[in-house]
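Undergrad: So the protein sequences, as listed, match chains A and B. Residue numbers for the first sequence follow the working numbering, beginning at 296 and rising by one. Residue numbers for the second sequence follow the working numbering, beginning at 296 and rising by one.
Don't read these hints as lab results, they were simulated from the structure. In this text, all values refer to a predicted model and were calculated from it rather than measured experimentally. Among the clues, some could well be false.
The list treats identical chains as one, so a pair stands whether inside a single copy or across any two.
[As the list claims (entries may be wrong)] Capping the alpha-carbon separation at 20 Å, the derived lysine to aspartate or glutamate pairs in DMTMM-like fashion look like this:
1. 500 with 363
2. 341 with 311
3. 388 with 426
2 protein chains.
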Amino acid sequence: MPIAPAIVLVEPQLGENIGMAARAMANCALSDLRLVRPRDGWPNEKAVANASGADAILDGARLFESTEAAIADLTEIYATTARSRGMIKRVLKPGAAVAAMRATVSAGGRPGVLFGPERTGLNNDDVALADAVVSVQVNPGFTSLNLAQAVMIVGYEWFQAGADTPDEQLVATHTLPATKAELHGFFDHLERELDAAGFLAVPEKRPSMIRNIRNIFERAALTETEIKTLHGIVTRLVGARWPGKGGGRGGGEGGNGVA
Amino acid sequence: MPIAPAIVLVEPQLGENIGMAARAMANCALSDLRLVRPRDGWPNEKAVANASGADAILDGARLFESTEAAIADLTEIYATTARSRGMIKRVLKPGAAVAAMRATVSAGGRPGVLFGPERTGLNNDDVALADAVVSVQVNPGFTSLNLAQAVMIVGYEWFQAGADTPDEQLVATHTLPATKAELHGFFDHLERELDAAGFLAVPEKRPSMIRNIRNIFERAALTETEIKTLHGIVTRLVGARWPGKGGGRGGGEGGNGVA
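Kindly generate the complete structure, drawing on both the sequences and the hints.
TA: Rendered as structure tokens:
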């Protein structure tokens, strides 16, 4: 596994949050959890109860007496803080920060991210230990960001940056997308029946009406099975209007269309 | 305020998660919370205890008997689900989904996002109500994503897409970045003293040594105050080596440099 950033929780107060942070880390393929003076000691039952099975991360968590000690083996430190500090630091959004961390890892470095106590956030001395600040932009009217949520946002950006999933895809598991020939076969069927029904009887309107109808079904990204269903629907509707007709014409094109 | 997506929690089980979801919504400037058959009834004390002050969102939450009723006034629905469903749907990553939602809002539409119960996620009937699926890519080895964390990820992407913060910036509150003239004034001072101390005595090495030293301080993005401090440090160090010399030369360049 490539090296992922260490997550350093400085004086975390609530075991619940440590557990939820570990769960978020597991979601994001992070595993190196470091705790600096957790308020309620360690191990912590509430952490386990809230980790939803991310026990390996809690079991592997390392305890430190100081932030300096917790980051001693790391090469690049990011401090998460919403407040400005009167220090000059690079301030990165989470997406830019994980890009920098990935560059660090590629160059053989070891990044780590500091998160402060729930009530106060990181103090100035801890921020001063960092090479850069990671700032999660939130609603200025409600800036109280939960500790585990902050870990999730950094972890989410980290995992996203490594995932090679396209931004958009069509997923089909039990059924295949229809070919254009199948789709056009349905158009032929539908338009033939609409012509027969007089729905497309005004010649000057016919082309635009057909375009509009086709667009509806084009957009639907239909499957093979759905095309059969649609054939069946048209056939049955026609059959209902002209008893004895629909069954004969539609039978070869998908029966009743129930998949 | 521009219209933001509605957050629809379908059969949420834990009040804690409803409260944390409301808090995440407040962080992300979302306010329209809709609950479909919350397991433990409504209102819920544990929701309030976990909302960290996002009470207005909980107070404004609307209760519905069915998912259909909850989304009746919306125009475009996104279902959050990790599992594939044997349906053809557009599957979007959160970033792409919020881009689509913003386009919807610009066009006068009203998007909504469905989140399923903690234990099972959305059922197929609810997913079928959606125009598209939002899929948060997580570690395949640990896919158990907390409900409020899922709300946060969608909300975070929504808020990011609207924020006009640059990816990276330098923030200084009480102090100004140094001008290049100030920086170069320090280089002159330092190099003069290094020359005097014989540190740069090998002529063929001098240029590269100076470059290396300058790079260190260039990278540091120094402030005015820090430049003064550095002048003071050099002056004092020289003064320690040659008692009676440093004070006279460094005095006009920043004194002892303590800001």
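Undergrad: None of the hints should be skipped; say for each whether it holds.
TA: Hint check:
1. Taking CA atoms no more than 20 Å apart as the test, residue 500 paired with residue 363 passes in neither setting, with 77 Å inside one copy and 36 Å between copies.
2. Taking CA atoms no more than 20 Å apart as the test, residue 341 paired with residue 311 passes in both settings, with 5 Å inside one copy and 14 Å between copies.
3. With identical chains, the CA atoms of residue 388 and residue 426 are at most 20 Å apart within one copy only, with a shortest distance of 14 Å there and 31 Å across copies.
Violated hint: 1 only; the structure is consistent with all others.
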